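In order, the protein sequence lines correspond to chains A and B.
Numbering-wise (my numbering), the first sequence opens with residue 1 and increments by one.
Numbering-wise (my numbering), the second sequence opens with residue 1 and increments by one.
None of these hints come from the bench; they were simulated from the model.
Some hints could be false.
Stated by the list, open to error - Among the chain A residues that face chain B by a calculated CB cut under 10 Å, a handful are:
no., residue
1, Tyr33
2, Tyr35
3, Gly40
4, Leu90
5, Ala92
6, Glu103
7, Lys104
8, Phe106
9, Gln112
Bear in mind that the values here come from a model prediction, so they are computed numbers and not experimental data.
Glycine included, each C-beta is placed from N, C-alpha and C at the ideal position.
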Amino acid sequence: EADIYQTPRYLVIGTGKKITLECSQTMGHDKMYWYQQDPGMELHLIHYSYGVNSTEKGDLSSESTVSRIRTEHFPLTLESARPSHTSQYLCASSESKAPATNEKLFFGSGTQLSVL
Amino acid sequence: GESVGLHLPTLSVQEGDNSIINCAYSNSASDYFIWYKQESGKGPQFIIDIRSNMDKRQGQRVTVLLNKTVKHLSLQIAATQPGDSAVYFCAENISPSGTYKYIFGTGTRLKVLA
């Protein structure tokens with residue numbers, strides 16, 4: 001069982017609110033990721049980080065932002081939530097140093113976001 | 001809560017039978033592949049991986065087969081159990097040049113019938 005935690009598990013919020021989804025891992029992994037997953041659909045990478053002070057945009061365009069001030073913490077922020085942001089957000093981490101092609105992703109349980 | 005999964009292909013198998021879940025990947029340059037299992041309300045869990053220099057890898061009750069000629073990956077589960085009911089995703093690493101990127105397939109829902 002991987003030690004990666006996401007809070008909250010569920011969030012229902014009104015349009016225009018600012019929200020932050022939390023993700024923490026206690027494994028000392030350098031690399032962390034945020035994926036977005038709609039019901040019955042594949043995972044799409046929206047942000048990733050190779051380590052502290054490193055953040056990159058993923059394949060899927062997202063209005064969210066991320067920060068990586070500490071190794072263990074990789075929060076995702078939406079400045080102004082909209083109904084189109086309704087989705088499941090999955091955080092993941094991996095232990096490999098620098099870019100690598102054979103590393104396992106460990107996932108958190110996800111945050112199910114509903115924007116009304 | 002339960003994902004709706006209306007668009008997911010579904011495989012139904014009897015408990016005790018073997019299951020085969022298939023995945024077509026997109027990039028002939030992909031050199032690393034992973035199968036993940038996602039149970040309702042949880043994040044994906046690693047099952048087994050395989051590198052492109054192999055065509056078969058076995059784990060506990062699971063086997064992954066890789067056919068690079070047709071860009072096809074399969075996951076075989078022996079003696080399927082009720083606890084195997086979940087959505088299964090394959091993922092390919094598409095950037096052998098070094099920049100980390102994975103593409104995930106759409107997933108297959110496995111239903112184990114008692």
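Hints versus structure:
{"no.": "1", "hint": "Tyr33", "in the structure": "holds (9 Å)"}
{"no.": "2", "hint": "Tyr35", "in the structure": "holds (8 Å)"}
{"no.": "3", "hint": "Gly40", "in the structure": "holds (4 Å)"}
{"no.": "4", "hint": "Leu90", "in the structure": "holds (5 Å)"}
{"no.": "5", "hint": "Ala92", "in the structure": "holds (8 Å)"}
{"no.": "6", "hint": "Glu103", "in the structure": "holds (8 Å)"}
{"no.": "7", "hint": "Lys104", "in the structure": "holds (5 Å)"}
{"no.": "8", "hint": "Phe106", "in the structure": "holds (7 Å)"}
{"no.": "9", "hint": "Gln112", "in the structure": "holds (7 Å)"}
In this structure, every one of the numbered hints holds.
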